[in-house]
Structures are given as C-alpha cells and as structure tokens.
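A.B. asks: All residue numbers for the sequence shown refer to this note's numbering, where the first residue is 1 and numbers rise by one.
None of these hints come from the bench; they were simulated from the model. Be aware that a few hints might be false.
Keeping only pairs whose Cα atoms sit at most 27 Å apart, straight-line, the calculated DSSO-like set for lysine-lysine is [stated by the list, open to error]:
(1) LYS132 with LYS34
(2) LYS132 with LYS66
(3) LYS66 with LYS2
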Amino acid sequence: MKTLYETRATARAGRQGQVSTDDGLLDVALAYPKAMGGSGLATNPEQLFAAGYAACFSNAVLHVAKIGKVAITEAPVSAVVGIGANDAGGFALTVSLEVNLELPQAEAEALVRHAHQVCPYSNATRNNIDVKLSVNGAVLN
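Construct all of the structure, not just a fragment, from the sequences and the given hints.
C.D. replies: Next up, the structure:
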C-alpha cells in the first residue's frame, strides 16, 4: 500500500491523561466515563473512535455516491461504540453505524453496503469488531 497520509498521536497517561497530535490540532484531556467509574469530565478513547469512524464512514458513503453518480450532499452517520469485557480476560469493542440518507431505501442500503467495503475503518475492523449497520432505521443483515 502506498501511504497517502500519516499522523501521530501521543497519549501521556492512558485514560486519565492527555492525548495530542504532533501538529497540535488535537489536544484533549481524557477521563474514564462515569459508567466505568470515572469522572466523565473529559472525552475518552471510545468517543474519539466513534467520531473518527462516523466521519470516515460518512465520507465513504459520499465517495461511493459520487462514483455511482448519486446526487447527495450529506450522509449523516452516527457511530455507537461500546466497550466491555471479553471471554479472554481483556476488553472488546462493538460498533453500530446508523446511516440516514434521503434516498429510496434499496438505493440507500446498496450505497451503505458498498461504503462498508471502501471505508478504511470498516476494513480495519472487519473480522475483529462486531459492526452492525442500519440505514434509515432498518438493520442490514
């Protein structure tokens, strides 16, 4: 693979510290969410992952729409990321991507399925994280 872009982020003290990128565009405090016994007063890795996946998947939908000459200018995506203990004594993530498109349902579903094959986050998580897709409220199988 020829790398088109690369970035670096550094976390200083895990979930109770700070994370920043080398260019300074991202510099945020981290805290455990209240549901995990923390203060909930700062962002957490799951929120950052959800934001990144939602933005990337939205762009993948727009990309495949453009290639397919489907006239849409927005592709709202909400990513719901969960964390929990796995059977091996570690932790695992779950993801649900909720896509809303102002298109006929069959066309919207086809775009989302294609985007799921194109999106780098989807490609990175495939067979590693359970990712569920829904389009306009309908769950895709």
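A.B. asks: Hints broken by the structure, by number, lowest first?
C.D. replies: Violated hints: none at all, because every hint is consistent with the structure.
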